[in-house]
Structure formats: structure tokens, C-alpha cells
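The listed protein sequences derive, respectively, from chains Y and D. With the first letter of the first sequence counted as 1, position 231 gets the number 231 in our numbering; the numbers rise by one all the way through. With the first letter of the second sequence counted as 1, position 147 gets the number 147 in our numbering; the numbers rise by one all the way through.
Read the hints as simulated data drawn from the structure, not as lab findings. One should not assume that every hint holds.
[To be verified] Distance windows between CB atoms, simulated:
1) Y/A21 x D/V142: 53 to 59 angstroms
2) Y/E176 x D/S34: 55 to 61 angstroms
3) D/N100 x Y/T123: 50 to 56 angstroms
[Claimed, not checked] Below, simulated DSSO-like cross-link-like pairs (lysine-lysine); rule was C-alpha separation at most 30 angstroms, straight line:
4) Y/K279 x D/K194
5) D/K139 x D/K194
6) D/K139 x D/K150
7) Y/K279 x D/K150
8) D/K150 x Y/K278
9) D/K150 x Y/K99
[What the hints assert, rightly or not] Chain Y residues, not near chain D, derived (Cβ > 12 angstroms throughout):
10) Y7
11) T9
12) L16
13) V25
14) L30
15) V45
16) V59
17) L83
18) L131
19) D188
20) A191
21) P193
22) R199
23) E274
24) S281
Ideal Cβ positions, reconstructed from N, Cα and C, are used throughout, including at glycine.
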Amino acid sequence: MTFSRAYRTAVSLPPLLWVTAFLLVPYALLFCYSFWSVSPSQIIVHSWTLDNYRELFRVNVYLQTLFRSMWIACRVMIFSLLLGYPLAYYLSFHAGKRKDILYQLVIIPLWVSYLVRAYAWKTILGSDGVLNTLLQYVHLTRHPLEFLLYSPFAVVLTLTHIYTPFVLLPIYASLEHIPRNLVEASHDLGATPKQTFRRVIFPLSIPGVLAGATFAFVLSLGDFLAPLLLGGPSGIMISNIVVSLFGAAYNWPLGAAISLCMLGLVVALLFVSENLEKKWSFR
Amino acid sequence: MATTPETAISGPATAVVRPLLSVRNLSKSFGKTSVLRSISLDIAEGEFLTILGESGSGKTTLLRIIAGFETVNSGEILMAGERLNHLPPYRRRVNTVFQNYALFPHLTVEQNIAYGLRVANVPKREIMTRVEQSLAMVKMSVHAKSKPAKISGGQQQRVALARALVNRPRLLLLDEPLSALDANLRRQMQMELKSLQREVGIAFVFVTHEQEEAMVMSDRIALLRQGELEQVASPREIYNRPATSYAAQFIGHTNLLQAEVRAGIARCHSLSWPVTLPDGKALFSLRPENIRLAGNCTLPSESPVVRVKGVICQQAFHGATELVEVECADGFAFSVRIASHDIGANELDLEFSSADAVPVLESPNGVSQP
Chain Y
1 MTFSRAYRTA VSLPPLLWVT AFLLVPYALL FCYSFWSVSP SQIIVHSWTL
51 DNYRELFRVN VYLQTLFRSM WIACRVMIFS LLLGYPLAYY LSFHAGKRKD
101 ILYQLVIIPL WVSYLVRAYA WKTILGSDGV LNTLLQYVHL TRHPLEFLLY
151 SPFAVVLTLT HIYTPFVLLP IYASLEHIPR NLVEASHDLG ATPKQTFRRV
201 IFPLSIPGVL AGATFAFVLS LGDFLAPLLL GGPSGIMISN IVVSLFGAAY
251 NWPLGAAISL CMLGLVVALL FVSENLEKKW SFR
Chain D
1 MATTPETAIS GPATAVVRPL LSVRNLSKSF GKTSVLRSIS LDIAEGEFLT
51 ILGESGSGKT TLLRIIAGFE TVNSGEILMA GERLNHLPPY RRRVNTVFQN
101 YALFPHLTVE QNIAYGLRVA NVPKREIMTR VEQSLAMVKM SVHAKSKPAK
151 ISGGQQQRVA LARALVNRPR LLLLDEPLSA LDANLRRQMQ MELKSLQREV
201 GIAFVFVTHE QEEAMVMSDR IALLRQGELE QVASPREIYN RPATSYAAQF
251 IGHTNLLQAE VRAGIARCHS LSWPVTLPDG KALFSLRPEN IRLAGNCTLP
301 SESPVVRVKG VICQQAFHGA TELVEVECAD GFAFSVRIAS HDIGANELDL
351 EFSSADAVPV LESPNGVSQP
């Protein structure tokens, strides 16, 4: 199909403008800011310097928080894979007639506001929350368990709950794409269901696993609400620092430098996962 | 799977001592639709049996039942005396070549072929030699390291075959394996498959809807129609002595003569010939090539010769022969196959041996082929 030049320009212009105005320009600004500095009188000085990046690597708390964020994201990724894969596998291969309804049940939580779900965990995990009340009621504990809320544990739990559907969906899609006659061929060649899973089904679902894992990791890494609501001092993540640098601390240049570092990290991750996915897809 | 006694190459399928596979009184339905009804079929060691039928006849379902992918509603499947009914596919000494090959896309040709041996924990050394032999057998050694997506359809077909045969199954099932190939490659593969089967001596059950393919390759053909076996016989027998009008028309081309038998004489329009049938209606199949130009060649003299005159109303040139539609004075029309160079006049003087008019049973619900 061929389209006229005018038509092509007309359809590509709006998205191009959108991307320029709301993505490229802000990124360019962010880039500039990261090389500027703040004067003692709280004025942003437009002279080029690498101080922000030096600061980032010199002050322990930034790197520590970044590593903690990565570690939290890593755990969220692992737990949502452990939850999402078996469920996706069951949905795709064994759910039979219940497939559609179960699929909907997975999707429905996505319609509920992220904030509502985070607050729900707060009421469950708090010292007067559902869980602690129950534990004391059945005399498993005498005092409320404090580590449940305002800890990395709470953040990991909440993010896992929120991002598991994002992990499940690409895995489910890749499992659905496996031709069923490959499974039959495997059985026909003498492989038990277990061997078939290990040698055929799992390898062919790797693109979905990679996509899901990337989702969970990247989305968790940049998360800011869950640590804010449930993290407490020990559960602070890198986004919280960026927010406070752009807010109360009024150090936009340093905030911009941290943001750009994270952006670089995420882009590198997406690039790697994209390439791995390509390597593992055969159709 | 590793410890297979070499199956001996047996002769033609006629002398069945104890069948390798026995299907007894098998029925299958999906919901309310009955797909197979009381199928009984024996397959001998080393036999090449073709299940022939139109689409929807149940031939693929029958194959899938033997492979273990479908359960049956009633009936038995026995392999060398052992009941297979509830054995999962991975416990059956049966391998399948799938219609679209079903090669594992993430494995190389070599790894695909090694798959069955690997899951059976065959020692690495043995796997290597057996895979190499199989690759050589199907002439695919050069492509050992290729992924299935990188080789052609015909090559994928060979790999699928090698992947199944390397396990030395007692029975190999082939589900329309040639249907995706173009006509020339197909004919070549028919020959290769047939000679390969002779070489390895494993019994093949081959499913196809192509009657010509079935004739060329098989020791025996099991003709399936609407879930029931119409006839099971060698290609020659099924062609020369079709049991039913459907068999006669599905395999090759034929004239069906609706005749009235009275006192040992069958009459159909102006034609009549002696038969040994009871009085009443009878249906006969007469192959176009069994009708010849009168006096042109000598017919076996044991059976009476029937003569008939007619005019050509249609001609189809087939190269060496021509299929000619002939109409008699009384409106009775039939087709005749004669050598192209023999056709001179528009009016033909024809004859056929009454022995070539084979009485057949009328298949119910009409016939789907003209």
C-alpha cells in the first residue's frame, strides 16, 4: 500500500508533536538541569558543571538507596514470576472452560486504582490492621508485629501484588502461542509431561518471561507511592529521593542527575531484555 | 526405548500370524457427533497400511487414537497383545510424523532428532551415532546444525521422519505428511518413503485423502467413509474388486451400471451378460479401461464378451490415453479409456469382458464423487 506524502505527514504529525512536547523537551531540560547547580541563595545557576554526578557517587545515601531500590525491584520480579508463571501456565494449559472467567479475575484488579490497593495493604499490615488483630486473636503473637508495615517487606509485598498481573499477561500470551502439536510431538517422542514442560514449553515461553520480568523490575524500580505509604524510613526508594530533591530540598540539578542515571539504567535493561527476547523467539 | 529387538522385514501383509496392532470394534464420538463407528483393523509387522478417506471421514481421529492423543468411547486397541487404551502417548511404542511436522523451533535439526533418545536417557555416545545414522538416512547431515525455520518444507519433512524413526518404534504413524509439498516433490517423497519403509521394516500407518498416493505406496488400503470402514484390501484388489460403489468410485474412475438380474442374466439398457447372482437389482462397476474397441485386441475368451455401439459426446485428452464419454442410441452413457491414437471415427464399436463388470454393494446416502 502506498500513501501520498501529504497523508503520511498528516497522520504522523500529531504523535510527533506529542512526543516532542511531552517527552523530548522535558528530557532535554532534565539533561540541562543535571549539569547546572544551585547557589547558596537557592537560585539555579546556569553554568555547566559535573558536580551533581560527583555528588551522586560521593554521598553514600544515594547509591545505597539505589541499590536498595534495585534489590526491592529484584525481589518483586522474582515473587511475581513465581506467582505469575504457574497461574499463566494453569490458565493456558489446564483451565479448560474456566479459562475466560479466570483470565477476567486476573484482569479485574488492574481496574482498581493503584492508590486504593496500596492503602488496602496499609489497613491489612498496620499494627491495628487486619493481620495483626487476627494473629493476636488466635494467640499466635502477644504484641502486634511491627515489621509488617513500614518496611521493605511491605513494599515488596504490595508491589508484588500490584505487578503480578503485568508479569502474568506476557507469559500467558507466550504460552498461548505455543502450537499444541509441539506438546503432542513431545509426548509422542516419549517425553513425560514434566520433561515436556522443561524441554519444550518453558524454553518457548522465555520471551514472555523476559517481558514480564522486565515489566516488574522496571516498574518497581521507579515506584514512589508504595515506599511512601508503606515503606517507612527503611523502605525508602530512589524515586522518593528524587521527589524530595525536586520538592522540599529544592535541588533540581541533583534530582535531574539521579533521574538521568536511572533512565540510563532502565534503557540499558530494556535493550538487553529486548535482545534476549529476540534470541529466544523463533517464529 | 533403547532396547528394541530389530523387527524383521516381513513379506506381503497377507500372511498375518499375529497382528502387530489390533483395533477391535472401536467407536469414538465428540459430544453427540459420532466420528468412528465399530472400526476393526489389523496391522501386520512391517506392513505399509494406508488409511484413505475424504476430509471428515475420521481418518485423522483414528490415527490420533492409535497414537494416544484421543480416548475411545468403546472398543480396544491392542499392540502385540497388550491393551493400549489407557496408555498415555509417551508410554506407547508408536511414533508420529505430524501433518505440519511439529518440529521444535528452539532446537536444531540434530537436537530435534535426538529428542526422543534424550528423554529416554539413552547414553550420549549412542545418541550421537544413532542421530548421525538417521541424518544420513534422510540425507540431512549437512543441515544438522540448522534450526527448523531455516530449512525447506521437504527438508522439515525428512527431519520429522528421522526424529520419529530414530526411536525405532514398532509402528510409525504418518498424518498426511506429504500434503504440504508440491506435486513433483510429493511424487519423489512417495517413492523415498516407500523404499525407506522397506529398508527399516517398521510398520507404517499412513493417512491420506489422495487415492493415487494410497495406491502407489500401500501394501493395503483401509478405505474409511463417514466413520466406517468401507473396504480393507490391497490396492490391486480394491481397484479390481471394489466391494462397494463408493470404493469403486473413490479409487480410480468407474462406470456404475444399474442392472436387473433375471435367471442368471444381468440387463442394463441394451446390454446383457451372464452372472451368477440371485434375481433382483444389482449394481456393477466397470472400469473405463476395461472397455475396448471391438476387434482391436484379444480379450480372454473364458468369459463372454459384451458388445456395445455408441457415439463420442465428450473427450478428455490425458496423453497416452483419452477418457471418452460415449452415448448409446438409447441414451445410456458411459466412459471409456482408450489409447489416443486408436480414436478415429466419431462412432465407436466397443466391447468388454463380462468378467470385468464387478458386482458391488450400493453405498448408502449416495456418493460424493461423480
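Hint check results:
no.: 1; hint: Y/A21 x D/V142: 53 to 59 angstroms; verdict: holds, 56 angstroms
no.: 2; hint: Y/E176 x D/S34: 55 to 61 angstroms; verdict: violated, 31 angstroms
no.: 3; hint: D/N100 x Y/T123: 50 to 56 angstroms; verdict: holds, 54 angstroms
no.: 4; hint: Y/K279 x D/K194; verdict: violated, 39 angstroms
no.: 5; hint: D/K139 x D/K194; verdict: holds, 16 angstroms
no.: 6; hint: D/K139 x D/K150; verdict: holds, 16 angstroms
no.: 7; hint: Y/K279 x D/K150; verdict: holds, 15 angstroms
no.: 8; hint: D/K150 x Y/K278; verdict: holds, 16 angstroms
no.: 9; hint: D/K150 x Y/K99; verdict: violated, 35 angstroms
no.: 10; hint: Y7; verdict: holds, 36 angstroms
no.: 11; hint: T9; verdict: holds, 38 angstroms
no.: 12; hint: L16; verdict: holds, 36 angstroms
no.: 13; hint: V25; verdict: holds, 43 angstroms
no.: 14; hint: L30; verdict: holds, 41 angstroms
no.: 15; hint: V45; verdict: holds, 56 angstroms
no.: 16; hint: V59; verdict: holds, 47 angstroms
no.: 17; hint: L83; verdict: holds, 25 angstroms
no.: 18; hint: L131; verdict: holds, 44 angstroms
no.: 19; hint: D188; verdict: violated, 5 angstroms
no.: 20; hint: A191; verdict: violated, 4 angstroms
no.: 21; hint: P193; verdict: violated, 8 angstroms
no.: 22; hint: R199; verdict: violated, 7 angstroms
no.: 23; hint: E274; verdict: holds, 18 angstroms
no.: 24; hint: S281; verdict: violated, 9 angstroms
The structure shown violates the earlier hints numbered 2, 4, 9, 19, 20, 21, 22, 24.
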